[in-house]
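Engineer: In case you want the letters, here they are:
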Amino acid sequence: MNDMATLATAYLTFAALIGGYTWHMISRLSDLHLRLDATEEAISHLDKEKAGESDE
Amino acid sequence: MTRRLVTVGGGLVLIGFGLLTLTAYLGLMWAPDVDAEAWNAPNSYRILFLHVPFAWASFMAFGLLFVGSLGWFLKRSDKLWKLVPIGGETGLLYCLGVLISGPLWGAAEWGVPWDWSDVRLNTFAILGGLALFIVLGHRASDDGEESRDTLAAVGLFGFGLVPITYMATRWWQERHPGPVIGGGEGSGLAPEILQVMLMGALATMILLAGQVCISWAVQDGEARLRRLQRELEGHE
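Sequences listed follow chains A and B, in order. Throughout the first sequence, residue numbering follows our numbering, covering 1 to 56 in sequence. Throughout the second sequence, residue numbering follows our numbering, covering 1 to 236 in sequence.
Treat the hints as calculated values from the structure; they're not laboratory data.
The list that follows gives simulated cross-link-like pairs (lysine to any residue, SDA-like), each with its CA atoms no further than 20 Å apart:
1. B:K79 <-> B:D143
2. A:K50 <-> B:L232
3. A:K50 <-> B:G234
4. B:K79 <-> B:Q219
5. A:K50 <-> B:L228
6. A:K48 <-> B:R230
7. A:K48 <-> B:L228
8. A:K48 <-> B:Q229
9. A:K50 <-> B:E231
10. A:K50 <-> B:Q229
11. A:K48 <-> B:L232
12. A:K48 <-> B:G234
13. A:K48 <-> B:E231
14. A:K50 <-> B:R230
15. B:K75 <-> B:G63
16. A:K50 <-> B:E233
17. B:K75 <-> B:T150
To give a feel for the contact side, a few chain A residues facing chain B, derived at Cβ under 8 Å:
18. Y11
19. Y21
20. T22
21. R28
22. I43
Simulated restraints on C-beta separations:
23. A:H33 <-> B:I15: 22 to 30 Å
24. B:D78 <-> A:K48: 28 to 36 Å
25. B:A209 <-> A:A15: 14 to 22 Å
26. B:A209 <-> A:G19: 13 to 21 Å
27. B:G178 <-> A:A5: 23 to 31 Å
28. A:W23 <-> B:A140: 18 to 26 Å
29. A:G20 <-> B:A209: 16 to 24 Å
30. A:A15 <-> B:E231: 40 to 48 Å
31. A:K48 <-> B:D149: 38 to 46 Å
32. B:A209 <-> A:N2: 35 to 43 Å
As the structure is a computational prediction, the values presented were derived from the model and not from experiment. Even for Gly, the Cβ is constructed at its ideal location relative to N, Cα and C.
Use the sequences and the hints to build the structure in full.
Structural biologist: Written out as C-alpha cells, the structure reads:
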C-alpha cells in the first residue's frame, strides 16, 4: 500500500470505529427504552387484571 | 438521572467528535511535512495525530476498569462494578484504533506490519485481547458474583500491564518509536505537531467522558430492566 493510501485507510478506520461505536450505543439505548416500556406496560396490565379479579 | 446522563454524554460526544474532526483536518492540512529523506513513508506520519491520543484514551479506559475491579473486590460495590464493562468496552474501542492504525503505519514505514520482538507492540496487543475478553465475557455470562470476580480479576491484571506497556519504549526500545513527551534529550516533536496531537488528546478525552456517561446510563437501564423482568416473572 502506498503512503497516501495508508494514511487514508488509517483515518477511515478511526472514523468507522468512533461512528460505529456511537451508532451501537444509540441503538442499545433505543432498544433498552422499548424493552423497559414494554415490561412496565406488561406489569401494569397484570396489576390491573389482578385488581379486577379481587373486585369481582 | 439516566436522562440527564444521556443528555450530558451526548453533548460531550458531539463536542469530542467536533474537536476530533478539527484535529484530523489540522493534522492532514496544517501540520508541517517531515523530512522526506529521513522517512520511508513521510505522509503516513500524520496517523500519529489520532494514533497517540487513542492509545492514551485506552490507558484511561483501563484506569476505569481498574477502579471498577478494585471497587468490586474491596467493597462489592454494584455502582463501581459498572466501570468494569464500561472500561472494557471503551478500552477495546481505543485499543482497536491503535492496533489497526499502528500496523498500517508499520507496513508503510518499516516494511512489516508487526515486530514480535517489540515489547510495546506485544503488551498492547495483550491489553486489546483482555479488553475483548471482558466485553465478550460480560455479554455471554449471567451477571452473578462468580462472573464478576473473574472479569474483575482480568481487569486488575490488564491494568498491571498498562505501566509496562507505557514504559516499554523507554526500557526496551526495539522498533516502536520512542516517547514523544518526556522522552529525554533528542526526543520530542515540532511545536505545531505537538499542538495538533494535544488537541487530539483533548478531543479523545472529551469523547471518552461522553461515552462513559452514555454507557453508565445503559448499564443503569439494563439493571432496571432485570429488576422489572424479575417482578414480571413474580406476577405470572
